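Chemist: Residue numbers (my numbering), protein chains in the order written: chain A, 1 to 106; chain B, 1001 to 1136.
None of these hints come from the bench; they were simulated from the model. This structure is a prediction, so every number in the text was calculated from the model and none was measured. Just so it is clear, CB atoms sit at the ideal spot from N, CA and C, and this is done for glycine as well. Please note that the accuracy of each hint is not assured.
Partner residues are not named here, just some residues of chain B that face chain A (Cβ under 8 Å, in silico) [said to hold, decoys possible]: (1) PHE1009; (2) PHE1011; (3) GLN1013; (4) TYR1021; (5) THR1023; (6) VAL1041; (7) PHE1045; (8) LEU1102; (9) HIS1104; (10) SER1105.
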Amino acid sequence: MRAQSYDAFQVIADPSRRQILTMLSKDSMTINSLAENFDMSRPAVSKHIKILYTAGFISITDIGRERHCVLKQDGFNEVQDFINYFDKFWDHKLRKLQMILNNKAK
Amino acid sequence: MIKEIKHTFYFTQTPEEVWEYLTKPELMEQWLMPSDFKPVVGHHFRFTNPNNSFVVCEVSEVNPFTNLAYIWKNDWAVTKTPYTSKVSWTLNAIDGGTELLLVHSGFELFRDLAAHNGGWILLVNKLVEIFKADKK
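Please build the complete structure, drawing on both the sequences and the hints.
Modeler: Shown next as structure tokens:
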């Protein structure tokens, strides 16, 4: 048995899941109201929601008989890491340039 | 989410001297990467990484000694990449040297993700693998 884990980029690779995230970026929604937007079975939508939930992209709160989905930061962190890579990349490169020019000045 | 990278560096050299290091391939190679860059708007060029991957670029702005910008795409030799960003350099003459500002922008990932299909994700997955391999 392998613990269920998802790569953030795999999670958002699926167009339906991206659509769910886009809809939730406007407002929180119930699973039922999300499902109404898709031309697929309710269990299929639930499966996507479960993947988004497991990967930390959304949280689910039960309010009365409805399950409400809200965006969550955790899943997006890996995407943020992608940008952070370039941040470090440029810092490193510019330090190198500074070193070269400082040496040249001597 | 950060969507833009900014760095400001200071040099004791004049903007003219710093400009040389931003625009002459033999000098760029010393601190950045080998490339076939030319300071001509519309010029297509590539930076080559040591692992033989490329960054595909196109010069978009050239104002000698003050401002330079290029489109920066991640292209791992898979179709036309929908993922693009912009690297922009601004040089300011200051007392005792030059202030150099770098802005790397266009990282509106979710807008890009929503607008494009799997190709981009393929690229990013590859990129993530490469980063992981680099760390080892």
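Chemist: Which of the listed hints are not met by the structure?
Modeler: Result: hints 5, 6, 7, 10 break, sorted rising.
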